[in-house]
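Generate coordinates for the entire structure from the input sequences, incorporating the hints supplied.
Chains A and B, in that order, are what the protein sequence lines are. Here the numbering used here = 1-based position in the first sequence + 236. Here the numbering used here = 1-based position in the second sequence + 454.
Treat the hints as calculated values from the structure; they're not laboratory data. Predicted model only: the values in this text are computed from it and were never measured. Note that the Cβ used here is the ideal one computed from N, Cα and C, for glycine as well. Worth double-checking, as some hints may not be accurate.
Claimed, not checked - One side of the interface only, derived from the structure: several residues of chain B facing chain A at Cβ under 8 Å:
| # | residue |
| --- | --- |
| 1 | Pro625 |
| 2 | Leu628 |
| 3 | Ala631 |
| 4 | Arg633 |
| 5 | Ile634 |
| 6 | Arg641 |
| 7 | Pro649 |
Unchecked claim - Every beta carbon over 10 Å from chain A, so not counted as near; a handful from chain B, in silico:
| # | residue |
| --- | --- |
| 8 | Val481 |
| 9 | Glu581 |
| 10 | Ala609 |
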Amino acid sequence: MTDLVLKNIGKTYPNGYQAIPSIDLSIEEGEFIVLVGPSGCGKSTLLRMVAGLETITQGDLLIKGNRVNDKEPADRDIAMVFQNYALYPHMTVRANMEYGLKNRGVSKDERHTKVMDVAQMLGLDELLDRRPGQLSGGQRQRVAMGRAMVRDPKVFLFDEPLSNLDAKLRVQMRVEIRQLQRKLATTTLYVTHDQVEAMTLADRLVVLNKGKAEQIGTPMELYDKPATTFVAEFIGSPSMNLFDAMLTERGIELSESLTLLMPHQYRGAIKWGIRPEHLLQSDEANGDFSLQVQAVESLGAETLIHGVLEDGTEQPKPIVVRLAGPHLPDIGSRMWLTAPLKHWHLFDATTQQRL
Amino acid sequence: MIENRPWSRLLSHLILIIGVFIVALPVWVALVGSTQPEGSFNSGSIPLWFGDQGVQNWAHVLFAEAGSTLQIPVWHLLLNSLVMALGITIGKIAISIISAYAIVFFRFPFRSAIFWVIFMTLMLPVEVRIVPTYQVIANLDMLNSYSGLILPLIASATATFLFRQCFMSIPGELVEAARIDGAGPIRFFFDILLPMSRTNIAALFVIMFIYGWNQYLWPLIITTDDTYYTLVMSIKSMLSVPDGDIQWNYVMVTTLLAMLPPVAVVVGMQKLFVKGLVDAEK
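Laid out in structure tokens, this is it:
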């Protein structure tokens with residue numbers, strides 16, 4: 237059963253600025269959907285529209301089949317976890333968690349059992365009588381999640397909940413959020429700008445750019461078959477190498493002197509892309525092209541080599557290669573590479589759409 | 455810069471001691487004077503050590519009559535002052551916190567215009583608008599009444615402004631969290647806003663209590679009946695004796711009594727007061 241349906245949802249501010257032109261999305265029960273995009277792409281606005289904190293100026297929002305466009309946030313049966321946690325500083329952890337229930341007139345005993353259940357699940361039972369000011373960042377994060385879980389809502393909304401944590405804790409909480417969501421099987425909408433978070437958490441990803449959904453799909457779909465150049469560059473780290481090229485009968489012409497052979501019918505300007513991890517080190521005899529090494533980033537398990545493509549033109553075209561294990565090429569040296577055909581990505585140069 | 459040389463320490467202590475001496479001397483004179491027999495001030499020298507009339511003077515002033523032209527005991531004046539000061543303080547805080555709430559958290563037409571009009575009343579203290587205010591209070595038949603003493607002093611641009619600043623520093627996410635938690639405007643106000651501005655309220659309470667307690671001109675103008683006289687204004691009338699001697703010993707007792715409540719408020723609420731002015735509790 238579909239839990240949450242966004243039908244032609246749009247947002248135009250009173251001053252005429254169109255933050256979100258139109259988005260269609262239907263989310264199955266228990267699905268974990270991640271909205272991802274660069275800052276200013278409208279992902280938080282969209283989440284806040286679902287929450288009811290921003291008005292919806294166009295389209296319909298359905299939760300479990302009911303149109304909730306004009307309902308107050310409290311009446312939509314959603315719970316939200318904020319970036320800064322937004323815990324009430326003067327209340328204890330327990331009071332923070334049960335405040336929503338109290339306002340709904342839930343009896344004291346029921347509140348108590350619910351809070352205890354959630355607190356045990358999150359390991360907060362020792363902290364129930366503390367105030368948020370006495371907790372660490374990770375604990376506050378947990379309380380914020382606990383406050384959302386206690387209500388047992390139909391939809392969880394997360395607004396960049398991990399961005400205030402340090403790197404190690406972020407990884408830990410990421411795993412924990414995923415496990416909790418699986419266990420509770422509550423439909424979840426999660427906003428982030430971090431593509432690692434997006435890839436690891438999501439059942440399905442929505443990549444947003446300037447208020448438009450560029451692509452909706454599973455993380456691997458997006459990785460293997462990005463629908464647009466934007467998605468191609470956004471998903472994956474380091475991002476995909478993209479070059480302007482001409483598609484001719486002979487193949488892909490990166491420059492006058494460099495052509496990758498691939499007989500094809502279509503003719504025209506395209507963008508040719510390949511991910512850094514799909515480029516293979518080769519030698520002069522077998523290599524498709526070469527690069528001039530400019531910087532080397534050794535990460536131990538892998539090495540990132542930044543260079544410029546040697547295609548016979550003056551214009552420098554930066555390219556990144558990701559090789560497994562340690563490599564130490566000299567700066568300025570030449571490195572030959574092969575680009576396996578199955579990992580090529582071709583996009584139309586004008587529409588930016590996948591070919 | 456922290457210096458730790460013996461000479462500078464000696465010097466700074468000396469300056470502080472002189473300061474304390476200058477500030478404390480009048481209080482000391484009042485304290486000593488309140489124990490002197492009648493007329494000892496009129497001998498030409500100011501007594502610097504306790505006399506033997508302390509208990510009688512204090513009992514007379516507190517419970518019999520204040521002396522000079524005042525026929526009512528000082529405890530009644532104290533009560534009047536307390537009613538006025540508390541009325542002004544609580545009224546000011548209540549009105550300004552509500553108006554700040556409206557200005558910060560609600561969107562309505564002319565919102566900022568209204569704020570600036572409130573803000574502009576900073577330029578109109580009681581002294582400036584005293585004639586029209588008197589007219590209004592007289593027409594409302596509130597001369598010689600507690601409400602007449604309190605009402606004109608209740609509106610406060612300063613407090614509204616302070617609460618506005620305090621509310622604006624509350625993160626928007628907190629307001630939204632409360633909305634999602636199902637707290638309507640009234641619940642939000644009482645459950646979240648009031649407890650969060652606790653320290654600000656305490657700080658304002660101290661400032662406003664002293665302001666209210668020290669009101670002089672307004673009570674002097676609108677009260678003609680002894681029973682509504684306030685303590686601070688009646689000290690002056692104790693000094694204007696048509697003929698005969700000023701009863702300095704009684705004046706000193708009254709002065710000390712007038713000082714006590716503000717001191718008690720400041721001392722009692724010191725901790726909260728400093729907290730309210732210094733940090734906005736994250």
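Next on the checklist: Please list, smallest to largest, the hint numbers that this structure does not respect.
Outcome noted: none
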